[in-house]
Amino acid sequence: MNRGPIITTVVVVAIVCAATVFAVSKRETSIGIIPMKPSQENRTADDRLYTPSTQSLLRQHSWLEQVENIDLRLNAKDEIEARFTVDAKDTDFADAGLRKLAVHHLPSEYLVPRLHYTPASPPDQFDALNLMLGEYSRNGVSVPRGSEGDTMAHYTTNQTDSVPWKLRGDYDFIPNPDYCPLRFSVINNCLRPGLWEISAVDRTGEIYHSWFDMPTNRYYQLVGDVNGLNPDFVKSALEWKDGVTFPLALDRLRKDSTVIGDVPVTRINAAISFSTQGSRQKLHNNYVQVETETGERRAPAELDDILRLPVHMASFEEPGIYYDDRRRQFDFEFLSNPLTAKVSRVDPTTSYRWRKEKGRPSMADAYDYIELDIDLGGGKRLVLGNLPLELLVKQEDFAIHGFGVGILEASEPAERRRFLIDKGPCPSFAYLAESAKKDGSPLAALNSHSFGIEQVFLRSYPNAETPHWELIITSFERIVDLVKYHIEIPESLRADQVKHSENYTPPVFFTYQDNNVN
Amino acid sequence: MSTERNASAADEKSAETVSRRRSKRRRKLFIAVPLLIGFLCMAHIKFTEQIEAMSNRGIQFGSEIDERNTPNLVDKKAGEALNEEEFAETLPVAPFEEIDCFDETAKDWTTIFDGFQDNGALIFDANGDGLMDVYLCANGASWTRPTDADAVLAQKPTRSCNSLYINMGNDANGHPRFASIASITDNPEHAEAELLIENFLYPRKSATEPFDSPGRISASAVAADLNSDGRLDLIVGNALPGMLWSHEKTQRVLNQFVRPVGREAVHTKLPLRAQGLYFLKDYQPGDQINDEHDTARGTEPIGSNSVFLNLGDADNDGIPEWQDITHDTGLGGKRSTMAIVVSDIDLDGDLDIFESNVMDMDFFPGGSTELAGAANQLYINQLADSGKLVFEERASAMNIDGVYDDDENPMPDYHRLYRIPFLPKQYSVPLFRWEAYKPDWLEINGETSERAEISWASIAQDVNGDLYPDLWVANDMGYLRLYINEEGKHFRRADDHPRADQSGYWMTLTAADFDGDLNEDLFAGNAGGSAMNIAIANPDPYMLFNPVISTGLFAQHWVGHHSSLHMFVDGKDYRKPLANKIRHSASLPPDASLPNNIRDFLADQVEFDRNSLDACEFAWGSTAIDVQNDSRPDLYWVGCLYGRGGSVFPIMGTGPGRLLINAKRDDSPLRFIDLTAEHHVLNIAEIKYDKLESEGVVYRKSPLQNWPKRSLVTSDDVSVWGMQGEDIASRVTNRDLIQASENGRAAIAADLNGDGFDDLLVRNAGGYDSRTSESKNLKARIGNEVHVTPSHDANFPSPTNFEPGSTRTFINTYGQRADAKNWIKVHLIDDSEKSKNRDAVGARVVVNKHLLQVRRAGSGGFASNAYGPLLFGLGDASATTIEVTWPALGAPTTKVELPGHHNGTVTISRSKGLESWSPLQPEAEVKVTDR
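Chains as they are written, first to last, in our numbering: chain Y, 2 to 519; chain S, -10 to 920.
No lab work stands behind these hints: they were computed from the structure.
Careful: at least some of the hints might be erroneous.
Within a straight-line C-alpha distance of at most 16 Å, the following computed EDC-like cross-link-like pairs (lysine to aspartate or glutamate) qualify [what the hints assert, rightly or not]:
hint, chain 1, residue 1, chain 2, residue 2
1, S, K565, S, D490
2, S, K66, Y, E503
3, S, K698, Y, E503
Taking the hints into account, I'd like the entire structure generated from these sequences.
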């Protein structure tokens, strides 16, 4: 029997199938060719960019400045594929030629507001609140240079220069426009839905920063897809709402809450400080000032200054830039007199993989979780929940990056975010709330952004004379630490907390970074 | 016909059959060959993938990697517990007090890229007033530019020079006061002779002359009375102006990020290039050993050392005058001299000189596949024979030059992975077979390195009791050497000491009778236990077929050819290591003392006890010190390969300094307790100790640059500073505070304030890597604008304002306690007729029949020397007997009986025995001296 035709047919079919699979796997959906708006920052009197980020000598010299549009697409896995191309002109320091850079495999779900729990059906105001809190929290992911075979988010470029400058003479530097960034970031800006940013850095600072508008309908669709919500609901939820309260449906985020007890909370005065490296410039460059009794404005010297005096912070406005001459005023006195904290054990129902994990989150068993309901006095409460006890240790801070549920870090390596999403604990939550009225009505959540508070850091001191948690609240745009509380650790948790510190190794979702430098 | 037809048909059929068969065979071949090729290709690809996976995971090295689904829930391993009963009780701690007693000249104005050769310290009594003066070495040809208050680079480099600080007596707090000779010389007639030891190429004639002329690059200095006139002369080891990692052949090779998640591992050399190459436009690396330049001494080799004869203090201003006798004595040399040992090598009564050398730093071979080194030199003094202070260089003739030859000093084997010929290299990886080879010698720009070892430190020690000083030489990326002195005529390499067959990165040596058995032991400092930290990436096996030297050596941990751990050599038998245990710091233990951090899969190849010296970090300068004067010598060292953490190799090369307090009981083996933090001698800037007792932590404001966390860092804080995949990253912990350590180089103990308790002097290297809480990003002027300057290499942290290296002085306060222990200082004079070794260098002194010390010129610690009377801690006892074994053949031992002296200086002469006893004057304890 002549098997030739059969073999040929089989081979052809196989090739067609493979090609189809390949084509499908490579399918990309265009989001748009979107104009880029580089270097929009305000300038100081001496013509410097007014920005808290360190600006490298390469800033405004990179070939990226010439990029007019970003070619933004989603691949078959809903990962962002972004291309930047320019036919660069000849300059004193670089030859003309085509320069290309492309971001690959950056999951779009990393960059949009996420609920991290199953919403009500139909979604309600609480769900809308959480989307809004997420939207108005900055959310950036950076990627290193990679290669074709990488499945982890990365960028590729046809440029190869690894030294940021050339020399004209001893210590006489000329910026090298063709330098390859150490990391390249895509950022969902916190000021308006659809306002996004691109940033590139060398080892020291920014070499490029640009803004673009994600088509809003496409954006609402994307947020809806990630959260399983209707885009119309998303659109409505993401609208900025100020001066209103929201029902606080904590039972959606955890169950089986068991009260351990009420513990005292003491406010601690200390020298002014910052909790993350990214805030140091803001603090040292007067992004925060207090107004003294005589009307003079100066940098705060200690935390008490922040609470007792009006605080003026550099305004952060569209398109995501700071204004030195426009200041937002805040009154943080409501943080001055904490009373007690109710400590409860809880069983979380939040998950970074909430749409993939049906039922109880897999990480619910991996840690023990507590909730702190802090009475700030004056009718306000700070509720911090789903806090993994094993990560409340003396060795480092446990950070809540924003108010809402599982708010993601403002700027994070893609590697670390992947670990967080894949293997992180049940997401924690934080709310500024108005306490229930005496009639026992439920807590009402506030838009914390309006109050100028943004992050919470917790560290355990289980071996102290009075074992306690140290809680630090940081301000609007993470500019400065606002207040420090000592919360006594309940007796029944102390032994465990000692053990947690003894056993602690920093988890990879806190530490892992691979710049893949070569 | 029919038959024919039939036959023909049969033939045709047969031919057809054959043809069909052939055709079928061809078809089969047509299918089989591609299939076979395809199969082989698939097999190759699969095999390659397997090897890739293995190399990424480190499986070929036998590592035990756990797959874990739940991060950060790694079980903490429990380490072996210490037997606390074996540790003696130590005195309640009296912390050292840090004082600021030197001027700007005492700071180091170089960077790590200048090599490791600019920070020597010498403590000695230069002017014979009984107070210890301080001589600090400097790089007189630094290319680094300082920065202003805003971290903007200056227009020209800071000039620096060696400086002698005269001890001006104590202040009201009992702290010594020092004044540089430049600040106090005021006699025009003698100024030039007094300033001579600043070591400029053309000495200043007065202190008012500008400071901007070039000087020599001084690495180390020792004092000794070379001409036996009772005054201490000065020998300065100078170095060549090279730059680390300045040539593509030598660029430092970083360990790859291994086991990356979701990325292809990088299998290429990751070079770290010298910062200076990107600051200086036309820097050309090269070997300058044979190059010369013009100086006030005439034309001489660039690397020539300096020898200054002490002429006394003719104008009685407290500053000795000096005479440059470098050329007259023949002691100049031409290499980079890191250590100088002065000893009567041939026991002829005069002092000979052994210098340990390294290559031009442009040739530093860590990142090279080829080796480099420099010959050591032995200068035999002719004074005793001829009456003239001239020296004859005899290192090669006496087999002590460290140059490899074919007979007595054969080059050792280095090892690389065996590669199967012709096959792709991945096929050789699973074999994991090592082959011996001898690396070539590095050639750069037409110049080839000397075929010698890299000798950072050396010390004279009579290991076999024949009075002839034997020599230990600490060689980097090579071997610790012991040379047995054969009657002053020849040296024999002893290949039977405990590490003779294991390569290492030896850098410092300190001798003391640590176990109190009247045999002087030896601490030999290496890269340290950090190399056992699992967070340090395994070298890529693909790089081990032709490895760069440092990586190749490191990899040989797996086969036992190498050990990076420190060692004590037992003085009783130099062929044995001295077993020890350490109770590590409770507040800031070495990372490698934590069981989870250990590369336990190396246990079969490298003996490692985390509760011992094995776990301690990198060592440059080391010194013996009896902190409490309790009669038990303690040990202190500092050292960072790349300090001021967050730099390259943060885990492997960074150490905060360790003060190991000797807690040996009379009836137990050697035991130490790490009380560095308790004594306030961590080599970390801005560190605060006030919460140590109450909360068990030390802390400081966080460095403002290159620091990922909040504005305060405590000794509890941990991170992962290594670059590894998920599995290891979720297992290890690195203490953040260790990463704030300064770049320690020299460390030396001496009694600076004359209270009978040794103080500590530490020198650090500088750089564009400030870790202060006020550090700023480095900035440069481009046109009229000031811009932040990023790092020249993304593997290197962000450069900062230039932070000069500090010279730190820690004053011992045990003497201020009401129950302070007793002490005695022993001053020796060899006044025998033929001796030209007046200070009896090499003499062995035993107090109360159980306390041993040896008189030395050349202390052994990296670039760290002190020369004064021997200080013995007596505990609660007083000195009743002193026995001196003089460094002279046939000389009788001098035995002196004392009526129970303590807290003073006894002078013993060879001719008279007890010459004098000078008790510490009560007023001298808090002396205020004004000149």
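These are the hints, each one checked on the structure:
1. A distance of roughly 13 Å separates the Cα atoms of K565 (chain S) and D490 (chain S); the hinted pair therefore holds under the 16 Å criterion.
2. For the hint pairing K66 (chain S) with E503 (chain Y), the CA-to-CA distance comes to about 11 Å; that is within 16 Å, so the pair holds.
3. For a cut-off of 16 Å, the pair hint linking K698 (chain S) to E503 (chain Y) is broken: about 21 Å separates their Cα positions.
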